[in-house]
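Since the structure of chain A is provided, determine the placement of chains B and C on it from the hints.
As a plain string of letters, each chain reads:
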Amino acid sequence: MTAPLFRADTLAKRFGGVQAVQAISFEIAERAIFAIIGPNGAGKSTLLNLLNGIIAPDAGSVWFGNVELTGLAAFRRARLGLGRTFQRIRLFRHLTVLDNVLAGFHVHHRIPAWQHVVHGGAYRRDRARFRDEAGELLAFVGLGDRAGAVAGALPYGEQRMLELARALATRPRLLMADEPAAGLNAAEVERLVERLARLRERGLTLIVVEHNMDLVMNLADRVLVMDHGERLFEGTPGEVQRNPTVIAAYLGERAS
Amino acid sequence: MSRLVVLLIVALAPVVMRDTYWRSVLVVCALNVMLALGLDFVLGYAGQLNLGQAAFYGIGAYASTLLVTRLGFNFWPSLAVGTLAAGMAGVALALFAVRLRGHYLAIASLGFAVITYQVLLQWISLTQGPLGIYAIPPPPPLAVPGLPAIDFANPARMFYLVAAFAFLAYLVLDALVRSPIGETLAAIREDEVSAAALGINTPAWKAFAFGVGSAVAGMAGAFYASFIGTLVPDAFFMTESFTVLAMVIVGGLGTLVGPVAGAVLLTVLPEALRGVGDLRLIVYGVSLTLVVLFVPGGLVGTVRALRAAA
Amino acid sequence: MPDVLTVVLQQTINGMVLGSLYVLVALGLTLIYGVLVQINFAHADIVTLGAFAAYFFTHRLGGHYVLGIAAALLVGAVLGWLINRVVFVPLRRRGSELLPLIATIGVSILMENASLAAFGPIPYAFESPYSGQVIRLGRIFITLQHLLVIAVAGVAIGLLYAFIRYTVHGKALRAVAQDVETAGLMGINPNRLIMLTFVIGSGLAGLSGALLGPVLVLTPFAGASVIVKAFAIVIIGGFGNMEGTILAGLLVGLIEAFTTQFMNPGLIDIAVFALLLATLAIRPTGLIAERREENV
Chain A
1 MTAPLFRADT
11 LAKRFGGVQA
21 VQAISFEIAE
31 RAIFAIIGPN
41 GAGKSTLLNL
51 LNGIIAPDAG
61 SVWFGNVELT
71 GLAAFRRARL
81 GLGRTFQRIR
91 LFRHLTVLDN
101 VLAGFHVHHR
111 IPAWQHVVHG
121 GAYRRDRARF
131 RDEAGELLAF
141 VGLGDRAGAV
151 AGALPYGEQR
161 MLELARALAT
171 RPRLLMADEP
181 AAGLNAAEVE
191 RLVERLARLR
201 ERGLTLIVVE
211 HNMDLVMNLA
221 DRVLVMDHGE
231 RLFEGTPGEV
241 QRNPTVIAAY
251 LGERAS
Chain B
1 MSRLVVLLIV
11 ALAPVVMRDT
21 YWRSVLVVCA
31 LNVMLALGLD
41 FVLGYAGQLN
51 LGQAAFYGIG
61 AYASTLLVTR
71 LGFNFWPSLA
81 VGTLAAGMAG
91 VALALFAVRL
101 RGHYLAIASL
111 GFAVITYQVL
121 LQWISLTQGP
131 LGIYAIPPPP
141 PLAVPGLPAI
151 DFANPARMFY
161 LVAAFAFLAY
171 LVLDALVRSP
181 IGETLAAIRE
191 DEVSAAALGI
201 NTPAWKAFAF
211 GVGSAVAGMA
221 GAFYASFIGT
231 LVPDAFFMTE
241 SFTVLAMVIV
251 GGLGTLVGPV
261 AGAVLLTVLP
271 EALRGVGDLR
281 LIVYGVSLTL
291 VVLFVPGGLV
301 GTVRALRAAA
Chain C
1 MPDVLTVVLQ
11 QTINGMVLGS
21 LYVLVALGLT
31 LIYGVLVQIN
41 FAHADIVTLG
51 AFAAYFFTHR
61 LGGHYVLGIA
71 AALLVGAVLG
81 WLINRVVFVP
91 LRRRGSELLP
101 LIATIGVSIL
111 MENASLAAFG
121 PIPYAFESPY
131 SGQVIRLGRI
141 FITLQHLLVI
151 AVAGVAIGLL
161 YAFIRYTVHG
171 KALRAVAQDV
181 ETAGLMGINP
191 NRLIMLTFVI
201 GSGLAGLSGA
211 LLGPVLVLTP
221 FAGASVIVKA
231 FAIVIIGGFG
241 NMEGTILAGL
251 LVGLIEAFTT
261 QFMNPGLIDI
271 AVFALLLATL
281 AIRPTGLIAE
291 RREENV
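Residue numbers (the working numbering), protein chains in the order written: chain A, 1 to 256; chain B, 1 to 310; chain C, 1 to 296.
Wrong hints could be hidden among the right ones.
[Claimed, not checked] On the chain C side, residues computed to face chain B include the following (Cβ under 7 Å): (1) Gly95; (2) Glu97; (3) Leu99; (4) Ile105; (5) Ile140; (6) Ile142; (7) Leu144.
Everything labelled a hint here was simulated from the structure, so no lab data went into it. Ideal Cβ placement from N, Cα and C applies to all residues, glycine included.
Excised from the complex, chain A in its bound form (with noise of 0.2 Å):
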């Protein structure tokens, strides 16, 4: 086995009296799709907040790598590779669709300074380019024709789409994406894992947060249980749907 892309050592977050994460560690292989469920409140999505830098941990690491994101702004992380999608979806709710994916180019724009000012040949090859990679974006995530449509009148299906071609946007090494089934229909489950796929193909490494079993059965590589902050299980999906503790505290749960 080569050395892991993303790896995460004896994360600890406590809000107040509840010990949200504790003690959780994983490493996740290069173009794996790593899926993390269990159920509400099992602090799952304060799990993918740590791992990005939006809080920061009471205890543990995070190394993407050989560097080491502890204690790095989600912005430098964000830098480095990591892409991440929200459970809450947050879009630019008032800017158009096309202007979300743009901004989501930030740091990729080459653009002598002054040329924000005076726009000159630069500027405007910066523009097209984006343009055009913001337009394959959209038409990837099947939103080819909705580029000038306000993003907060989208259906939620669809926002969902524009938060994951945003996030691509930042062209990640690394994608977190917290609940991106949760509120589509069958079909766009469907569309949904087919793109996921893809990506992973292109060379992406994938952390879903997910409760769709369906989806993270056939997807995932890994599967992480979590549950009251603690880790459950750790395994294959096969594993886990064979897994007793699992079954009894997730898996059981839902059946019932």
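Relative to chain A, chains B and C alone:
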């Protein structure tokens, strides 16, 4: 096209208004346009409520004037220093309040305005406090080869000068908001957490917006001092921040035409109503409240809505 | 020559008196922030109009000062109701963070300048029957007005505290402050509670106006000088945090008293806002930290 119309109006205004008083109002219009443009860059584009615009205006005015009166500097380098000093104060405030947003930043900037006002008032050895600084010279005559020198002691010429710089500020801000920087600021305005997840260094860009917005206010301050000729701290009391805010809101937040229109309207209207009594601030209070409540897009939004309906 | 200890004690008392008035003003702001996460910028002008209400009640209508205080409370409460109804309720539907603050800046400019038009810029001599009655404790002087201020402020703060801790409404208020959605699920009508908070908070502002009137110079701008300090206090104390606000209010009162005594009154605002900016830089959540993590 519409820019040409504006330029034509600017060129003709002092020709139509021959009265010195009204020509002075024109200069004040141009100054207010700068202040409103600067504030709108911070509030309308970056989404941060800066209630300290009066302080940056004052910093630009005092910095440039003290260079001229104390150190005998020429007006033009003093203008540059005043602009820069205000811009740096804006960056410093934003970096100081780096973790703040929304209401906290608004109150912090108000606090900065209160402190600046008191410093101008109390630091008598430097600013002469409430007595003020008198006999500030106008910008020196501009020598253009082959033409008679342009003397700025005349309000009509001063108006052309200030309007030219206001137009320059407009062009620079317009270019900035249409560039990727505009997208970055909009991202911060809409959702800072998402912006950070896209790799945007939100504190640095907020400081940038504050710096640009305050620099424009500082430039207005330098022109104000050399136009009025006297400088007292009361000109930069926090109320001035609120009047600029009213101009931006009434004109239309998050557009650049809006603050220009708002500044002109809210400068000229109270002057026109002067016969009825001193209604200036009441006009500002009423229009600010009513526009926020009932006309969300301000003047620009209304015009756009009417055009769309027509 | 009074000795240093006497001066320090005297200024401590003066500072506490002033501070308890600031606490009253700031508590209104912080209560409203607690349930609505919004700032009423016109809070200052409710203080001013409360002071004028008490002045006209006592000096023109010949009413008793204590009843004047009640009148100010009533005027404040009505103004609070009105501002909430006209500004905050409609804007809540638009869901903007900054627009209500901006709108109330407009309301504040309007109220201040309408008062100026109505009452003129010349200070009113607002005399409390208790200002002249002095109690001497050794070399320290306390007026009955000072005692009244401390007593009324103490009772008001105590009642408020009891109300929030022990009544059904108070508990609902805290629930709304925690989470509007959950409060709605618990069968609490947040709109009514927000209105109640506005009425109570603004009533406190009117009340403090009546108490401040004889202490300050009564002009249409009286409230504005108090409000910038009240803003500083709520931030130093931590928005929505009662204990922090009380502590910060007394602290600002003391800073004011001692700056006036030992330095220059012009430095008061600088000292208070330096403290504010320092608080923001070091502890943005206020003196008594109450951590709220954003759930994303």
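| task | Sort out which numbered hints this structure fails and list those numbers smallest first. | result | 1, 5, 6 and 7
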